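Undergrad: Place chain B on chain A using the hints.
For the record, the sequence lines run as chains A and B.
Per our numbering, residue 51 is the first one in the first sequence, and the count goes up by one each step.
Per our numbering, residue 10 is the first one in the second sequence, and the count goes up by one each step.
No lab work stands behind these hints: they were computed from the structure.
One should not assume that every hint holds.
Distance condition first, Cα-Cα at most 20 Å in a straight line; then the derived SDA-like pairs of lysine to any residue [stated by the list, open to error]:
hint : chain 1 : residue 1 : chain 2 : residue 2
1    : A       : Lys178    : B       : Asn659
2    : B       : Lys542    : A       : Ile102
3    : B       : Lys524    : A       : Ser92
4    : B       : Lys524    : A       : Glu93
Quantities reported herein were computed from a predicted structural model and do not represent experimental measurements.
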Amino acid sequence: MLLGVLSLGGVFLFPLWQITLDAAQFPGGLKMHIWVNKISGSEKNIIQNINILNHYIGMQYIEPDSIAELKYFPIVAYAMMGLGLISLVINKAWAYLTWFIIIAILGVLGIYDFYLWLYDYGHNLDPKAPIKVEGMTYMPPLFGEKDLLNFYVTSYPHLGSGFLGLSTLLGFAAFWFKRKS
Amino acid sequence: MKTHFLNYAAGLSLIFLMASCGNQGSETSQVLGGSAAEQAYVAPGEYDEFYAFMSGGYSGQITAYGLPSGRLLKEIPVFSKYPENGYGYSEETKAMFNTSYGEVPWDDSHHIELSQTDGEFDGRWLFVNGNNTPRIARVDLTTFETVEILEIPDVAGLHCAPFITENSEYLVSGTRFSVPIPQKDVPIDTYKENFKGLINYVSVDPEHGHMELAFQIEMPGFNYDLARNGKGKSHGWSFLTTYNSEQEHTLLEVNASQKDKDLMAVINWKKAEQYMKEGKFTERQTSYFHNLMNEETTIVESEEKTLTKILDPKNCPDMVYFIPVPKSPHGCDVDPTGEYIVGNGKLSADMSVYSFDKIMKAIEEKNFDGEFDGIPIINYEAALDGIVKKPGLGPLHTEFDGRGNAYTTFFISSEVVKWDVESKEILDRQPTFYSPGHLVIPGGETRKPDGKYLVAMNKITKDRYLPTGPELAHSAQLFDISGDKMKLILDFPTKGEPHYAQAIAADKIQPNSVKFYDIEQNKHPHATLGESKTKVVRDGNEVHVYMTAIRSHLAPDNIEGFKVGDKVYFHLTNLEQDWDVPHGFAIQGATNAELLVMPGQTRTLVWEPKKVGVFAFYCTDFCSALHQEMSGYARVSPKGSDVPIKWGLNEKLRENEQAAHDFYEKAKKSANTGK
Numbered sequence: 051m052l053l054g055v056l057s058l059g060g061v062f063l064f065p066l067w068q069i070t071l072d073a074a075q076f077p078g079g080l081k082m083h084i085w086v087n088k089i090s091g092s093e094k095n096i097i098q099n100i101n102i103l104n105h106y107i108g109m110q111y112i113e114p115d116s117i118a119e120l121k122y123f124p125i126v127a128y129a130m131m132g133l134g135l136i137s138l139v140i141n142k143a144w145a146y147l148t149w150f151i152i153i154a155i156l157g158v159l160g161i162y163d164f165y166l167w168l169y170d171y172g173h174n175l176d177p178k179a180p181i182k183v184e185g186m187t188y189m190p191p192l193f194g195e196k197d198l199l200n201f202y203v204t205s206y207p208h209l210g211s212g213f214l215g216l217s218t219l220l221g222f223a224a225f226w227f228k229r230k231s
Numbered sequence: 010m011k012t013h014f015l016n017y018a019a020g021l022s023l024i025f026l027m028a029s030c031g032n033q034g035s036e037t038s039q040v041l042g043g044s045a046a047e048q049a050y051v052a053p054g055e056y057d058e059f060y061a062f063m064s065g066g067y068s069g070q071i072t073a074y075g076l077p078s079g080r081l082l083k084e085i086p087v088f089s090k091y092p093e094n095g096y097g098y099s100e101e102t103k104a105m106f107n108t109s110y111g112e113v114p115w116d117d118s119h120h121i122e123l124s125q126t127d128g129e130f131d132g133r134w135l136f137v138n139g140n141n142t143p144r145i146a147r148v149d150l151t152t153f154e155t156v157e158i159l160e161i162p163d164v165a166g167l168h169c170a171p172f173i174t175e176n177s178e179y180l181v182s183g184t185r186f187s188v189p190i191p192q193k194d195v196p197i198d199t200y201k202e203n204f205k206g207l208i209n210y211v212s213v214d215p216e217h218g219h220m221e222l223a224f225q226i227e228m229p230g231f232n233y234d235l236a237r238n239g240k241g242k243s244h245g246w247s248f249l250t251t252y253n254s255e256q257e258h259t260l261l262e263v264n265a266s267q268k269d270k271d272l273m274a275v276i277n278w279k280k281a282e283q284y285m286k287e288g289k290f291t292e293r294q295t296s297y298f299h300n301l302m303n304e305e306t307t308i309v310e311s312e313e314k315t316l317t318k319i320l321d322p323k324n325c326p327d328m329v330y331f332i333p334v335p336k337s338p339h340g341c342d343v344d345p346t347g348e349y350i351v352g353n354g355k356l357s358a359d360m361s362v363y364s365f366d367k368i369m370k371a372i373e374e375k376n377f378d379g380e381f382d383g384i385p386i387i388n389y390e391a392a393l394d395g396i397v398k399k400p401g402l403g404p405l406h407t408e409f410d411g412r413g414n415a416y417t418t419f420f421i422s423s424e425v426v427k428w429d430v431e432s433k434e435i436l437d438r439q440p441t442f443y444s445p446g447h448l449v450i451p452g453g454e455t456r457k458p459d460g461k462y463l464v465a466m467n468k469i470t471k472d473r474y475l476p477t478g479p480e481l482a483h484s485a486q487l488f489d490i491s492g493d494k495m496k497l498i499l500d501f502p503t504k505g506e507p508h509y510a511q512a513i514a515a516d517k518i519q520p521n522s523v524k525f526y527d528i529e530q531n532k533h534p535h536a537t538l539g540e541s542k543t544k545v546v547r548d549g550n551e552v553h554v555y556m557t558a559i560r561s562h563l564a565p566d567n568i569e570g571f572k573v574g575d576k577v578y579f580h581l582t583n584l585e586q587d588w589d590v591p592h593g594f595a596i597q598g599a600t601n602a603e604l605l606v607m608p609g610q611t612r613t614l615v616w617e618p619k620k621v622g623v624f625a626f627y628c629t630d631f632c633s634a635l636h637q638e639m640s641g642y643a644r645v646s647p648k649g650s651d652v653p654i655k656w657g658l659n660e661k662l663r664e665n666e667q668a669a670h671d672f673y674e675k676a677k678k679s680a681n682t683g684k
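If we strip away everything but chain A, and leave its shape as in the complex, we get (with noise of 0.2 Å):
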C-alpha cells in the first residue's frame, strides 16, 4: 500500500498526458504536457505559440490560471495519499478496498473530465474566426492520433497516467493480498 501511494506521489513528477501538434515548420513538434496541476510544454513558451496558431481557427484561449481543475486535482491527489496512509494505519481489507475503488472512480471521471475539455476547445469556436472549414471541428483525440488542418495530432496518456494507473493497481493488490492473508 505504501507504494501505492509513493507511486501516486509520481502525478506530481511527470506530466499525466501528451499532446504532440506536428507540422512542416514546427520541426520537432509543438508538445503540451498536462499535469495534475499545470499545462507545459517542450519549450518555455509553447501554451502562447499553440494559442496563437489556435486563433486562426477560433479555438479559445489556453489558460492555465483559469481552469478550476489545476487547482483542486492536486489537492485530491494529496487527500488520496493521506487516505492512503490512513488505510495503511488501519490495515484491513476493506480500508484498501474503500481507497481503491476511490481512486479508481476519481480516474475515471479524470479522464471524462479531460474528454469534456477537449470538446469545449475542440468545438466552442469564435464565430468571427479567421479560418473557418465547413463542417470542421477541432477536438484533439483524447487517445490516439488524428490530422487537424495542417497539423498531426497525437495523444496518449504520460509517465504521470502511468504512476496513477500503477498506483491503482497497488491499491487493489494491497487489498488482494490483505483478503488472501
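TA: Only chain B this time, still in chain A's reference frame:
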C-alpha cells in the same frame, strides 16, 4: 623547373591578356572529375560542417557561408547602414555609426578575426576592421549582430587590422597610410619629417568582449600592411609587414617599389604592457568614438573619448625591432607552432621564412644591421630560417593545415601553392579563377587548424559565371586539401569583395545560437510588454506610439491625431516568443527605412508626416497566413488642427491621454538614466 616557368608564363598571360580566356572550361572539367560534386554536396536539410565568415570589402558588411556547400547563410550588417532591417536607421542602432567625423554610414571591411582561447577559435565574437574611417567592430556570434564599434584615433586607412592574440588579449592594428600626428596643415612633400604611423593595441574584456584602446606605439612613417601575433612560444609578440620604407608620397606604385627590401616590425607587446604599467607613455588629446550596444536595453550608447596613451620606441628599449623583408611584403603569417613567420614579399620572386628562435637569438646577441629612427634592424640572414624558392608570382597570404604544410596565394600567377614549412619544398600547385587575394583554411591561422578545406577568394571573376553586365560578383574556390594534392570541388560567387575570411567548426557556434530574445529580459525603456499596454502619447510635436506586433496584427492599428510637422516615434515590440517569427514595420512616407523586429525585441522608427491624409502601415515580413492583413492606418491632420490623439485595435478609439502620458514620462526618465 621548366613547368614553373610555363606556369609563370600562363599566369602572366592571364593577367595581361585577360580578355581572352578560352580554355578555362576544359581545365575545370579535368579538375572536377570524380566525386568533387559529392564532396561539396550538403543534402537538403543537412547542415554544413563549418561556418565561413567573409568580409565584404567595399560593402562594409560580413557574410556567413556554410562550408563545404558554399551556401550563403546571412549577411551581417556592420559598417554600412542596412535599410533592409533598419540597422543604422532605427533609434536604437543609429549611434553605431558615430565617429569623430560625425555619422559615417559606410566603410570598407577587410579582415575577420574570430576570438580565441588558448590559440583556438572559441566561437564567441568576431572582429572586423573598417578601413576608411579607422574602426574595429565586434559581432556577437550568439545573435550574429554587430554590438560594438570602436574608432581608432590618428590613423589613416586601418587596413592592418584587427589581428588577435591567442587569448584575445589584444586586437593589433597598424595604420596603412602614415599622416601627420596630430593632424596639421603641412605640405605633402614634408612626409619624411612630419608623417608618422601608429600601431594600436585594443584590449578585449574577456567576459563581455568590450573593446578599449589600451595604447598606441608611434612608429616611422611607413605603410603598415598586415600583421599576425605570435602563438605558443612566440605568444607576446606581434609581427607587422610594412611597405613604402622609401617614405614616398606620390606615385607609390613606382616610388615605393625601389628598395630591394622593406621592413617587418617585430613588437614585444608584453614589454609594452610593462612600460605602460611603469607609466612610460605620453598622453595626447584626440577624439574618437566608442559605440556599444547595452545588453539590457539593446540600445547603442555612444561615447566620445578624448585621450590616448602613446609609447615611443625611443624611450622604450627592447620593445620594437625591424627585420628586412624582400620587396613590398603583404601578408605576414605565423605557423601553428609559433616558430615560423612567413613574409609574403608580393614583388619578390622568393618568400622569406623567419624563425622565431633565430629572431630571439639575434636580438639577444644584438646582431643588428643599423637602425631606423632608433629602432634596431635585425640582421636578415640571422633571422632567416629559409627561402621558398620561386614558388610563383605575387605571393600574398599564407595559411596552414596543421600537418606541417603551408598554402600561399599567388595573385599574379593566379594559383594556390602548397609547400612544406620545414623543408620549404613545393608540394602542389593549383590554378584559381582568377588572381586570389586571401585564402582561408578553417582555423588556418590558429594553433589547431582543421585542414580539410581551403577557400581561395579571387579578385577577378571574368567569365566564371553567367555574365551580369560590367559589375560581377567576386568568386571563391573551395579546395579539398585532405589529400596530398589539392582538389577543386566548388566555385561560388560571394557578396561585396571578401578580403580575408575565417572559418570555424559549426559546433562551436550552432549550440549557442539565440532563437529569440526573452521578452521578460526586455529592458528597453520604450518596450510595450503586452497588448493592453499599447498607447499613443503626444509631447509637443513629438508623438510616441507604443505598438506591439503578434500574429497577425499590429496594436494599435488605427491611430488618429498626427499632424503635419510631427515627429512620430513608432516603438514596436515584437511579442512573439518563438523561433523565426520576426515582424516588420513599414509606413508610407518614411524617408529612412523599414524595421525588422526580432521576437522579444523593441525597435523604433521615426516618421515625419509631410502630407495630410490617411497613410497605411504594415508588416514587411511574411509572418503568417494572415500576414497580408497585418496592417493599419495613421490619420494625419493639418498643422494646428485640433484632432485629438486616439488609438485602438478593433474597438472605439481610445484617448486616455493622461495615463499614456504618465507612462511616457516614466519611460523617458528611465531612458535618460540609462545613459
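Undergrad: A separate judgement is required for each hint: does it hold in the structure or not?
TA: Against the structure, the hints:
Only pairs whose Cα atoms come within 20 Å are accepted, and A/Lys178 paired with B/Asn659 is accepted, the gap being roughly 12 Å. Note on B/Lys542 and A/Ile102: the hinted pairing holds, with a Cα-Cα distance of about 19 Å set against a maximum of 20 Å. A distance of roughly 15 Å separates the Cα atoms of B/Lys524 and A/Ser92; the hinted pair therefore holds under the 20 Å criterion. About 12 Å separates the Cα atoms of B/Lys524 and A/Glu93, which keeps this hinted pair within 20 Å; it holds.
The structure meets every hint from the earlier list without exception.
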